[in-house]
Amino acid sequence: MSDRRVHARGRRLQMPRSRGAASGFLLILLGAWGALIPFAGPYLDFAFGSDQEWTWTAARGWLEVLPGVVTVIGGSLLVLSRNRITAMLGGWLSVIAGAWFVIGRAVAGPLELGDVGTPVASTDTRRLLLELSYFHGLGALIVLLVLVAAGISAPHWLRTRAKDGTSAVPSKDSLPKPTDGGAAGLEPVGPGPVSTTPLATSAEIPGTALNATAAELSPPAPTAWIRESRDSSSRSGR
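Residues in the sequence shown are numbered consecutively from 1, following our numbering.
Incorrect hints may have been included.
[Stated by the list, open to error] Estimated spans, in silico, between C-beta atoms of each pair:
| id | residue 1 | residue 2 | range |
| --- | --- | --- | --- |
| 1 | T57 | N83 | 17 to 25 Å |
| 2 | I85 | Y43 | 16 to 24 Å |
| 3 | P110 | A22 | 18 to 26 Å |
| 4 | T55 | G151 | 36 to 44 Å |
| 5 | T86 | D115 | 14 to 22 Å |
| 6 | L29 | V107 | 32 to 40 Å |
| 7 | V69 | L129 | 18 to 26 Å |
| 8 | I103 | A32 | 30 to 38 Å |
| 9 | R82 | T123 | 41 to 49 Å |
| 10 | D51 | D124 | 13 to 21 Å |
| 11 | R82 | T125 | 41 to 49 Å |
| 12 | V148 | T123 | 31 to 39 Å |
| 13 | W92 | L29 | 29 to 37 Å |
| 14 | T123 | S50 | 35 to 43 Å |
Think of the hints as simulated: they come from the structure by calculation, not from any bench. C-beta atoms are modelled at their ideal positions from N, C-alpha and C, and glycine is treated no differently.
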């Protein structure tokens, strides 16, 4: 029984690799974009902070390269994993990285992580496009993809539980049944251990018959006792 339960539980933790492959592959692309676009963007006239190619700063490392690499790792776990726990780890890593893309610049000052600068653009539309492509829109899209991957794998998990006949709510048959003691799982409470010593026989008790019945050993009835008392009193009066 225990081996069957372990096998069913392991089967519930498994998931087809195709469930998170598409979302994981897109997460890898987004993570690579977030980590490399600060250095390759100037080639495309799409720069943020500096128009020099492959310029390394601490702020870029903390706010762009680090979340991009973490997103690539999370997406790789989603693509390669066939275990639900590993896929969840990859999803959480990607969510944290995406959230860091969104709020990283806001907390960079108090944490003294540096400043990546401002968009290199001449129009407001281009500035907005750079902001979305480098930070806010990129992080939101990463979180959205993780939620989509979780929504795709959830029905498979529910179907697996239904196929195994398991449910989050225990059924009536799975509850422990009450014993003779009343409450479920409790042994009946008695006055004490039952003695197995045999009763004394007539040979051990002098003056008793071998086949003495319960009526012969029972005390006399009240009417017979009263009659005997009257007879004894009348005799003493004579």
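request  = Determine whether the Cβ-Cβ distance between V148 and T123 falls within the hinted range of 31 to 39 Å.
outcome  = Taking Cβ atoms as reference, V148 and T123 lie about 33 Å apart, which means the hint holds.
task = With respect to the beta-carbon atoms only, verify the hint that W92 and L29 lie 29 to 37 Å apart.
result = 19 Å, violated
ask   = So the hint says 18 to 26 Å: do the beta-carbon atoms of P110 and A22 match that?
value = 38 Å, violated
ask   = Range hint 32 to 40 Å: satisfied by the CB atoms of L29 and V107?
value = 26 Å, violated
ask   = Can the suggested window of 17 to 25 Å be confirmed for the beta-carbon pair T57 and N83?
value = 38 Å, violated
message = Just to be sure I understand the hint, the distance between the Cβ atoms of I85 and Y43 should be within 16 to 24 Å; is that true here?
response = Once the Cβ atoms are compared, 41 Å apart, the range 16 to 24 Å for Y43 and I85 is violated.
message = 35 to 43 Å was suggested as the range; check whether the CB atoms of T123 and S50 agree with it.
response = 19 Å, violated
inquiry  = For the hint 41 to 49 Å, verify it against the beta carbon of R82 and that of T123.
reply    = 48 Å, holds
message = A range of 13 to 21 Å was offered for this pair. Does it hold for the Cβ distance of D51 and D124?
response = 19 Å, holds
request  = Look at the Cβ atoms of T55 and G151 and judge whether their distance stays inside 36 to 44 Å.
outcome  = The hinted range 36 to 44 Å holds for T55 and G151, with Cβ atoms some 40 Å apart.
inquiry  = Assuming the hint says 14 to 22 Å, is it satisfied by the Cβ distance from T86 to D115 or not?
reply    = 36 Å, violated
ask   = Does the hinted range 18 to 26 Å hold for V69 and L129 at CB?
value = Hint holds: Cβ distance 24 Å, inside 18 to 26 Å.
This entry does not satisfy hints 1, 2, 3, 5, 6, 8, 13, 14, going by the numbered hints stated previously.
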